[in-house]
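Engineer: What follows is each chain in one-letter form.
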Amino acid sequence: MSHFSKLSPEQFTAIGAEFDAIRNRVRADLGERDASYIRGLVKRQRQLEVGGRIMLMIPPTWPLGVAALSVSKILDNMEIGHNVMHGQYDWMGDPALNSKNFDWDSADTAKNWKQTHNVEHHTYTNVLNRDHDVGYGLLRMSTKQKWEPRFLANVPLTVLLHTFFQHFVAVQNLKIEEVLIYKTKTTAQLKEDFKPVWKKMRKQLAKDYVLYPVLAGPMAPFVFVGNVAANLARNVWACAVIFNGHFPEDVEQFPESILENETRGHWYVRQLLGSANFSGGRLMHVMSGNLSFQIEHHLFPDLPAHRYAEIAPEVRAICERHGLPYNTGSFLGQALSTWKRIFKLSLPTRGAGPVREELVTAELEPLRMAA
Amino acid sequence: MIATSSPTRFLSTGLRRVLGSRVAAAMAAPHSVDRYLELFDPTWSVNEVRAEVTAVRHQTADSVTLTLRPNANWQGFRAGQFVRLTVDIDGVRRTRCYSPANSVHAGNEHIELTTKAHPTGFVSKFLRDEARPGMIVTLSQADGSFALPQQRPERVLLISGGSGITPVMAMLRTLCDEGYTGRITFLHYSNAAKDLIYAAELAEIAARYLNVELLRAFSEGAQCGELQGLFHREQLATAVPDYAEATTFLCGPPGMMKAVQKVWTEDGIGERLHLENFTAATPVIDSTNAEGDVRFARSERLAANNGATLLDQAEAAGLRPEAGCRMGICHTCTCRKLSGQVRDTRTGQLSDSGDEDIQICVSVPVGTVTLDL
Numbered sequence: 001m002s003h004f005s006k007l008s009p010e011q012f013t014a015i016g017a018e019f020d021a022i023r024n025r026v027r028a029d030l031g032e033r034d035a036s037y038i039r040g041l042v043k044r045q046r047q048l049e050v051g052g053r054i055m056l057m058i059p060p061t062w063p064l065g066v067a068a069l070s071v072s073k074i075l076d077n078m079e080i081g082h083n084v085m086h087g088q089y090d091w092m093g094d095p096a097l098n099s100k101n102f103d104w105d106s107a108d109t110a111k112n113w114k115q116t117h118n119v120e121h122h123t124y125t126n127v128l129n130r131d132h133d134v135g136y137g138l139l140r141m142s143t144k145q146k147w148e149p150r151f152l153a154n155v156p157l158t159v160l161l162h163t164f165f166q167h168f169v170a171v172q173n174l175k176i177e178e179v180l181i182y183k184t185k186t187t188a189q190l191k192e193d194f195k196p197v198w199k200k201m202r203k204q205l206a207k208d209y210v211l212y213p214v215l216a217g218p219m220a221p222f223v224f225v226g227n228v229a230a231n232l233a234r235n236v237w238a239c240a241v242i243f244n245g246h247f248p249e250d251v252e253q254f255p256e257s258i259l260e261n262e263t264r265g266h267w268y269v270r271q272l273l274g275s276a277n278f279s280g281g282r283l284m285h286v287m288s289g290n291l292s293f294q295i296e297h298h299l300f301p302d303l304p305a306h307r308y309a310e311i312a313p314e315v316r317a318i319c320e321r322h323g324l325p326y327n328t329g330s331f332l333g334q335a336l337s338t339w340k341r342i343f344k345l346s347l348p349t350r351g352a353g354p355v356r357e358e359l360v361t362a363e364l365e366p367l368r369m370a371a
Numbered sequence: 372m373i374a375t376s377s378p379t380r381f382l383s384t385g386l387r388r389v390l391g392s393r394v395a396a397a398m399a400a401p402h403s404v405d406r407y408l409e410l411f412d413p414t415w416s417v418n419e420v421r422a423e424v425t426a427v428r429h430q431t432a433d434s435v436t437l438t439l440r441p442n443a444n445w446q447g448f449r450a451g452q453f454v455r456l457t458v459d460i461d462g463v464r465r466t467r468c469y470s471p472a473n474s475v476h477a478g479n480e481h482i483e484l485t486t487k488a489h490p491t492g493f494v495s496k497f498l499r500d501e502a503r504p505g506m507i508v509t510l511s512q513a514d515g516s517f518a519l520p521q522q523r524p525e526r527v528l529l530i531s532g533g534s535g536i537t538p539v540m541a542m543l544r545t546l547c548d549e550g551y552t553g554r555i556t557f558l559h560y561s562n563a564a565k566d567l568i569y570a571a572e573l574a575e576i577a578a579r580y581l582n583v584e585l586l587r588a589f590s591e592g593a594q595c596g597e598l599q600g601l602f603h604r605e606q607l608a609t610a611v612p613d614y615a616e617a618t619t620f621l622c623g624p625p626g627m628m629k630a631v632q633k634v635w636t637e638d639g640i641g642e643r644l645h646l647e648n649f650t651a652a653t654p655v656i657d658s659t660n661a662e663g664d665v666r667f668a669r670s671e672r673l674a675a676n677n678g679a680t681l682l683d684q685a686e687a688a689g690l691r692p693e694a695g696c697r698m699g700i701c702h703t704c705t706c707r708k709l710s711g712q713v714r715d716t717r718t719g720q721l722s723d724s725g726d727e728d729i730q731i732c733v734s735v736p737v738g739t740v741t742l743d744l
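Going down the list, the protein sequences come from chains A and B. Just so you know, this note's numbering puts 230 at position 230 of the first sequence, and the rest follows in order with no gaps. Heads up: take any position in the second sequence, counting from 1, add 371, and you land on this note's numbering.
Worth flagging that the hints you see were computed from the coordinates, not collected in a lab. Just so you know, even glycine gets a beta-carbon here, dropped at the ideal spot from N, CA and C. Be aware that one or more of the hints could be misleading.
Output of the computed footprint for chain A on chain B, the stretches with three or more beta carbons under 8 Å from beta carbons of chain A [to be verified]:
| no. | stretch |
| --- | --- |
| 1 | 387-400 |
| 2 | 521-527 |
| 3 | 688-701 |
The task is simple: from the sequences and hints, build the whole structure.
Structural biologist: Structural data, given as C-alpha cells:
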C-alpha cells in the first residue's frame with residue numbers, strides 16, 4: 001500500500017508547513033556564504049579547465065590533463081550548471097550565475113533542459129504520462145512496461161546511453177518517439193526543434209574536437225583523445241549518478257489523478273516518495289552536484305544544493321515523525337542494484353505483472369540530466 | 372570625453388582584439404571569455420567596466436569618497452553624468468547610480484564617487500562602512516543628459532543640496548581645470564558646516580580662481596556660511612542678482628529642487644535650468660489592499676493591480692510570459708522588475724523596491740509595479 005494513502009489531510013497540512021518552514025528559514029539565511037561557495041566552485045572549475053587543457057598539450061602531464069578536464073566538466077554540469085539553472089542562485093542577481101543566462105558545457109541547450117527538467121520532471125515527478133522521464137521507451141525500467149523483444153538490448157543500450165549521455169540528453173526534449181512511434185509530431189516540427197540543438201552540439205563538438213586540437217599543433221592527436229576521454233568520463237559519471245538516484249526500489253510512481261487538488265503538502269510528500277538518496281563524503285556530494293541528496297533536492301529544487309547536507313537530518317526527522325520512508329544507500333550498492341535490475345527487466349517478467357501493486361518501482365529517467 | 376588610453380593599461384588594443392575575437396569566444400563557449408579572464412585579475416573583462424577601489428576617504432561623518440581605478444573599457448564621462456555602480460552585499464548584487472565628482476581632465480585612470488549614507492540607503496551605508504582599497508566594483512558607462520554642454524555657457528550657476536553636490540562638483544572642477552573664464556557661482560545648501568562635503572577644496576578653489584564665487588548656505592542655526600536657511604526667492608535675488616542670465620545646473624533633494632524649479636518657471640526661464648533627480652520620492656506602501664497599477668514596460672500595457680500574482684495579472688492583460696510550474700520552483704517565469712515592491716506569496720516577504728529579478732508566479736504587487744515584460 002502506498003504511503004500516500006496512509007496520511008490524513010491534517011498530516012499533509014502539517015508536513016507542508018514543516019517543509020515550508022525549512023525552506024523559508026534557509027531562504028532567509030542565504031547570503032555571503034552561499035555566494036562565496038558557488039563563486040569559489042566556479043573559480044576552481046575554471047582553474048581545472050584551463051589547467052587541464054594546457055596539460056593535455058604536454059605529453060608527460062597528459063593523464064593529469066584528462067583528469068583535470070574531466071573533473072572540470074563534471075563540476076560544470078553538476079554542482080554548477082544543474083544547480084544554477086535550477087535558479088538556486090538567482091537571488092544573487094549575478095547575471096553570470098542566473099538561471100536565465102547560464103549555459104553549460106554540454107550538448108544540451110539550457111532552454112530545452114530547463115523545460116524537460118525543471119518544469120516537467122520537477123513539477124510532475126514520477127507522475128505517469130506527465131513526468132516525461134517515466135516510461136521512456138528506450139529502456140525497460142519498470143515491470144509496468146510490457147516486455148518486447150527489443151528490450152533484450154536493455155543492457156547494451158544502457159552502456160550506449162552512459163557513453164553518449166550528453167548527446168542523448170540533448171535530443172531528449174525533441175521527443176523523437178512522438179515522431180517515430182506515436183506519430184503525434186511531424187518530421188518538419190522535429191527538424192525545426194533540432195535546429196537550436198544542432199547549433200549547440202556543433203559548437204561543443206567544434207570546440208573539443210577541432211579548435212583545441214588545432215591550437216595544439218603537433219599535439220593535436222593527444223588533445224583530441226584527451227577531450228574524448230574527458231567527455232566520456234563526464235558522460236559515464238553523470239549518467240551513473242542519475243541512474244543511482246532514480247532507480248532504488250520502493251520509490252513510488254503516481255497516476256495522473258493524484259494531481260487533482262494537490263496541496264503543497266501533497267506535493268511535498270509526492271516528491272519525497274519519488275526520490276532516493278545515496279551516501280558519501282563531501283567530495284562525493286560535490287562531484288554528484290549534491291544529487292546524492294535527491295530527496296532534499298526534490299523537496300527544495302531551488303535552494304542552493306550545498307545546503308542539502310545541512311537540512312537532511314531535519315528532513316529525515318520529519319519523515320520519521322510521519323512514518324514516511326527516507327530512502328538512502330551506498331553509491332556502489334545502488335549502482336549494482338541498478339545494473340541487476342536493468343538486466344532482469346531485459347527479460348520477460350514472470351507472473352502477472354508487478355509484485356507490488358501500488359508501490360511501483362520507479363521508472364528512472366534514462367536520458368536526462370536528472371535530479 | 373577623453374579617449375586616450377595609457378600603455379600601462381592591461382588590455383592593449385591588440386590583446387583586446389584577440390580576446391574579443393570569435394576564436395576566443397569559441398574557446399570559452401558556452402561561457403563568456405570574461406569568466407576565464409577573472410581567474411587572472413578580477414578587473415579584467417572584454418566589455419564590462421570593472422574598477423578597483425584605490426582610496427577611501429570620509430570627508431564627513433555620513434559620507435564616503437571612493438577613488439576608483441577603472442579598467443580600459445571605461446570610456447570616460449561628461450561632467451554631470453552618472454554611472455551605475457554594482458556591488459555585492461551579503462551575496463546579493465545591488466546597483467545604484469552615482470555621479471562622478473572628479474574633473475573630466477583628471478584622465479581615465481580614476482573616477483571619484485562620493486555618497487552620503489542615508490538612513491534608508493542600503494548601498495550607501497554599505498559603502499561608507501565597508502568599502503576598502505582593493506574592493507572590486509562593476510560600473511556602467513556614463514549616462515544621463517545632465518552634463519556640461521560641449522559649448523561651455525558664458526555664465527554658470529551651480530546649485531546643489533546635500534550629496535547632490537557631486538555632479539556639480541565635477542562641473543566646477545572641470546571648468547577650473549580647463550581655464551574657463553566665465554563667471555561661476557557655486558551655491559550649495561547643507562544642514563551644517565560639518566556636513567559639507569568637499570569643504571576644504573571648495574574654499575581653496577574659491578580663493579584661487581577669481582571667477583568662482585562660493586555661496587554656502589547652512590540651514591541649522593547661525594553658522595559661518597555666506598547664506599542662512601533654505602532656498603527662497605529673495606535670498607537668491609540678493610545673492611545671485613543675475614541668476615536669470617546664467618545657465619543653471621541643479622541637483623539636490625526633492626523639496627529643494629521643487630522650490631528652485633518654481634522660481635525658474637515663474638520667471639519664464641525654465642529652459643536655462645538643467646536638473647538631475649538623484650533621490651526618488653519614497654512610495655507609500657499599503658500591503659493590505661491591492662493598490663496602484665501593474666505596468667508592463669516592454670509591451671506598453673497597463674492594468675489596475677487586482678491583488679493576484681503578477682503572472683496571473685500579466686496573463687489577464689493578454690500577455691504570455693514564459694511560465695512553468697506556477698508555484699515558484701522552476702524559475703521559468705523569472706522576470707525583471709524595474710520598480711515597485713512585491714510580496715512573495717510563499718513567505719509573505721516584501722521585496723526591495725528597485726530593479727531586480729523576481730519570480731512572477733509567486734509575487735503579488737504591493738502598490739505600483741513595473742515589469743520588463
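Engineer: Take the hints in turn and mark each one as holding or not.
Structural biologist: For each hint, the structure was consulted:
| no. | hint | in the structure |
| --- | --- | --- |
| 1 | 387-400 | holds (count 4) |
| 2 | 521-527 | violated (count 0) |
| 3 | 688-701 | holds (count 6) |
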